[in-house]
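Asker: Okay, here's what each chain looks like letter by letter:
Protein chains: 2
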Amino acid sequence: MVQKVDSFTYTVEPFDDDFTGRLSWAVLGKHVLACAENHAGARGFDRLEKDGHRYLWVLSRIVFEMDEWPRRGERYTISTWIRQYYRYFTDRCFDVADANGKIIGRVFTIWAMIDAETRRPQVLEGLFGHTFDPFIEMDRPCDVRPFSRIRVNKEQAAETRHTYYSDIDENNHVNSIRYIEFILDAFPKSSFEGREVSRIELAYNSETLCGDTLQFFMEQAEDSDWHVLVRKNTGETVCHSAVTFKNTKN
Amino acid sequence: MVQKVDSFTYTVEPFDDDFTGRLSWAVLGKHVLACAENHAGARGFDRLEKDGHRYLWVLSRIVFEMDEWPRRGERYTISTWIRQYYRYFTDRCFDVADANGKIIGRVFTIWAMIDAETRRPQVLEGLFGHTFDPFIEMDRPCDVRPFSRIRVNKEQAAETRHTYYSDIDENNHVNSIRYIEFILDAFPKSSFEGREVSRIELAYNSETLCGDTLQFFMEQAEDSDWHVLVRKNTGETVCHSAVTFKNTKN
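Just so you know, the sequences run in chain order U and B.
In this text, residue positions in the first sequence follow numbering that gives the first Met the number 0: the first is 0, and each later residue adds one.
In this text, residue positions in the second sequence follow numbering that gives the first Met the number 0: the first is 0, and each later residue adds one.
Hint data in this document are derived by calculation from the structure and do not stem from the laboratory.
Don't take each hint at face value.
Simulated crosslink set (DSSO-like; lysine-lysine; CA at most 27 Å straight-line) [claimed, not checked]: (1) U:231 - B:188; (2) U:245 - U:188; (3) U:101 - U:231; (4) U:231 - U:153; (5) U:188 - B:231; (6) U:101 - U:3.
Construct the complete structure from the given sequences, taking the supplied hints into account.
Answerer: Okay, structure coming up:
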């Protein structure tokens, strides 16, 4: 029996939490990406070198929905599996369980594989044949609200920031998860007092290199929903995001 | 026999590394602080409430010396112990070992305990009596070069940046380790190509709150040594730092 789902258990260590004591988005996001890489690596498709070409997975979209947050000292488990693959994209799901096994969050992602040099997306079946087939898991639920249609009409940036050494990863670009920090940072600190972020979605459009300047355009979509557009100062769109707040219980 | 030293083993997970593939300073620093908290917590002195007062440990100085860096997928172990305590301060040491047990780094720290309200340092023996005595470990070596005399005469800031939600911790101020990221970010990315940071020291002078603006004044002290002074835009000094680069082997 082929193992389709891998699970990784973590503890909210000191300083893995934000100022409210909840697991931070940065740490959750980093672990989600690491689980994806470890799951793919254990099955031989975390990266690919073939016929003199090098291929990399790039994250195209990600949506997190968190019902509850683990707090400092608490354990949580992230499980991940592939739900499907298409011509150019593959869907990877995650769920987050608390120490009692109760599902407290879900993450849905879409990935493409690009040629490291040309940066063009590749036909997955062409590269991998039917390598993924035994690992497809369609039955385990990962129900998240579909991606939003994100629109921002604001012409004035709410925030501008530079990118630095600490923001970039092995691919020499700003790490996908760092944008979550940047986007949340564009809200005033009071936004996180008595409220928590329950959903974040991100659609990635282009890469940011070390030293680029980013501008954040924000618009309230509904009461608790914000749409955020991130652009380089050259005008190029980097990503679209939607952020949902909810009032904190107790 | 009382256990004086606690050890914690980690793996360099995907995205725990910087763009060169080495464990990042941010992750190493976070784990060092977490080890301190876990070691103190296991012995009942991670924090203190007494006579209606709440007391917290604050980091006064930290120096890291790293001979080698673990790389992605490699395991490393951080060990920590108390070396001594004085009227107002306590010395805590750490070493970092690679997967074979070879010591590849050392961290020396000085902490004070402050009243959470008045923010004034407290006489440690007054609060704790001789609680620390059984845990003092003076024999295990933790030889680091003494703290530098840090002087920066530059009047022009090399970098200015704001602080945000993601930068602050449970104490509602910018986390001590975040300054390491900020300080390294004040160097151009090329500083980290073919070179690595082998030593960082930090002396903390005052807190930074969310939303403060920080200015970074930098001066080359010797060939491979830089001194950095961090000030708020109000002029108040936040911390002093010295950063040493060395050429990367191979």
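Asker: Taking the hints in turn, state whether each one holds.
Answerer: Here's how the hints hold up against the structure:
| no. | hint | verdict |
| --- | --- | --- |
| 1 | U:231 - B:188 | 19 Å, holds |
| 2 | U:245 - U:188 | 15 Å, holds |
| 3 | U:101 - U:231 | 40 Å, violated |
| 4 | U:231 - U:153 | 15 Å, holds |
| 5 | U:188 - B:231 | 19 Å, holds |
| 6 | U:101 - U:3 | 20 Å, holds |
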